[in-house]
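Chain by chain, the residues:
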Amino acid sequence: MIRQLIILFYIFIGVLMPSVSIALVIGSDQEEIYIDANFSGEELLVFGAFYSDPSQSRDSKSDILIEVVGPLEDVALRKKDSYFGFWLNSKSVTFRDVPGFYYLSSTSELTNEFLTNNQIGLLEKERSEMIDWSSLTTDWGSVVNEKEKKEFYNALIRTKQNDSLFKQVSDEIEIIDGNLFRSYIDIPNTVPVGEYNVNLHLIIDNEVSQEYSYNFMVTRVGIEEAIYSFSKNYPFFYGLISLVIAIVIGWSGAEIFKRFRKV
Amino acid sequence: MSIYLPIAELSVNIFLLLSLGGVVGFLSGMFGLGGGFLMTPLLIFIGIPTNVAVATSANQIVASSISGTLGHWRQGLVDFKMGGVLLIGAFFGSILGVWIFSKLVAIGQIDTVISILYFALLTGIGLSMLIESSKVIRDRIRRKSVKQKIHYHNWAHRLPFKIRFYKSKLYISVIPPIIIGFVIGILSATMGIGGAFILIPAMIYFLGMPTSKVIGTSLFQIIFITALVTILHATTTFAVDAVLAFFLILSSVIGAQIGVLAANKLRGEEIRALLAIIVLGVATKIALDLLVEPNEIFNLSVIRLVF
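Taken in order, these protein sequences are the chains called B and H.
Heads up: the first sequence begins at 1 in our numbering, then just goes up one per residue.
Heads up: the second sequence begins at 1001 in our numbering, then just goes up one per residue.
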C-alpha cells in the first residue's frame, strides 16, 4: 500500500516537475506518536522517493540523509569522582538546548567535512577540532580547561547514546528499485514529549541538492495525560487522591482477607 | 506486557512491578514491617528514578500500614495519645526532610545520599536481625527462656513536660517522643520508609513502652507520617507516581495478607535469619555501587524542557 503510494507520488512529481532533474518526496506512517498506558517505545517508518531524470547520466553519486531532532532540553551532566573509596558526584556542567532525541541516518558514511560544512550532525562535533562552546552551555561550573570540556562533551554524547536517545547510522536506509527508500527509526520509551523535526536531505556529489522537512508530535494521551497534567496543575489534590487510593485498597484488602480467613 | 509510568516517564514490565510489590508485601506481612526499606532500593535497582522511588514508596506504605493497624486497633493495642505526640515531632521532621530532599535533588547529590543512608540502615537492620535470630535459635537449642523487663526507667522519665499515657501505663516527658518523631519524620521524607525499624526499638528502649502496644502504635503513626510525606512530595518534588503506586499497593496488600498467613504456619527465627540475609544482600549491592568504579562515571539528568 505504502509502496504503491510512493510510486504514484513519484510518477506524479515526475509529470509535474519535468524541469527538475531530481525531485524528492517523503512521508511517514504516523504524524503523531501517542504515549498511552501501553507505550513502550515505537518504530517510526519514514519513506520516500527521489526521482531522477532518466535523460541525465547517473554516474554522480547520490545519497539520502534523514535527521530526526527531538524537543530541546537543558541537561545537567555530572561526573563521579572517587572520595575515600566512594564514587560520588563531583563536577557538574549544564548543557543548553540539547535535543531530547537525535537520529542521523544516511545511505553511506558521510565525511566530517560535509557535516561541518552543512551544520548537520550533533555527533560529529565530537570529532571536529573546533567546537563553539558558547552555544552549548551556560554553566561550566568548575570545569575550565579545554581538555576537560571536551571530555564532558563526549560524555554527553555517550550517555545519550547509551540511553538510545542519540544515534548515528549509515546502514538503516533501505533502497528499493533505486529510487524508493524507507527507514525504520526506533523511538525508545524514554523520549521526551514535544515536537520532532524530520529533515531529509538529498546529497549529490557531496552537496545538499534537495531538502525536505516535516514535523511530528510525541504526545501523552488518555489516562497518562490526565494523570500527568493533574499532578502538575493540582499537586495537592493529586497527592490527596493518591492517598485515598492507598487507604481504600489498604483497608478493603484487610477486610476481604479477614472474611476469607474466617471461612 | 509493560506499563508506562506517567511521572517516572518510562515503561516497566507490569509483572516485574507486581512481583516486586508482592514479595515486599509478603515479607512485610510476615514480619509486621512496612517494607519501605526494601521497596525503595528495589525500585531504584529496576531503574525507577530515586525521587520517584522515595515518594511513591511513602504512598505505598500508607496502604500497608492501614492494613496492619486495623488488626491491632481491634485488639485495643494502639496508644493514640502516644501516636499523636510522636506525630507532632514527625510533622516538623518530614517538612524538614522534604526540604532537604529537594535541595539534594537540586545539587545532584540525592542518589549518593540515599545510597549511603540505605547502606547504613540496611546493614544495621540486617546485622541486628541476624544476631537476634541466631541468639533465639541458640537459646532454643539450649532450651533457655529469655527473661524480659516489663518497664524501663531511664532519662526519659526525668525530663520536664510530663504527661500520662494511660494505655502504655507511662508517665513521661513529651520531649523524647517528639524528638523520636522528628527524626523518623526526616528519615521517612528522605528515604521513603515508615521507619518502624527504628521507631519500635526507640519506643521500647527510650520511652519504655510495653511491647504489646508498640507495633500498633508505630503502625498508627506511620499511616499519618507517610500520608504527610506523600502530600509533601506530591506538592514539592512532584515525584509521586500514582500508576506505580497503584500496582505496588495492589500487589503488596495481597502479598502482606499471604505473609500474615504464612507467619502463623512457619517458625519465625529461621525466616528472620533469611530476611536478614536478603537485607544484607541489598546493602551489599548498594555498597558495591558506591565503591566499585562505575562503567560510566558521567550521568545525565534533564533540568527542564526548553519551549
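Just so you know, these hints were derived from the structure itself, not from any lab.
Certain hints may be false.
To be verified - Below, a list of computed lysine-lysine pairs in the DSS-like style, where the Cα atoms sit at most 25 Å apart:
#1 H/LYS1135 / B/LYS80
#2 B/LYS91 / H/LYS1103
#3 B/LYS79 / B/LYS91
#4 B/LYS79 / H/LYS1167
#5 B/LYS232 / H/LYS1169
#6 B/LYS149 / B/LYS232
Each hint tested on the structure:
1. Distance restraint check for H/LYS1135 and B/LYS80: the Cα-Cα separation of roughly 42 Å exceeds the 25 Å cut-off, and the hinted pair is therefore not satisfied.
2. For the hint pairing B/LYS91 with H/LYS1103, the CA-to-CA distance comes to about 17 Å; that is within 25 Å, so the pair holds.
3. Under the criterion of a C-alpha separation no larger than 25 Å, the hint pairing B/LYS79 with B/LYS91 is consistent with the structure, at around 5 Å.
4. Between B/LYS79 and H/LYS1167, the direct Cα distance comes to roughly 54 Å. Violation of the 25 Å bound is thereby established for this hinted pair.
5. Straight-line distance between C-alpha atoms of B/LYS232 and H/LYS1169 comes to about 47 Å, which puts the hinted pair past the 25 Å bound.
6. For the hint pairing B/LYS149 with B/LYS232, the CA-to-CA distance comes to about 35 Å; that exceeds 25 Å, so the pair is violated.
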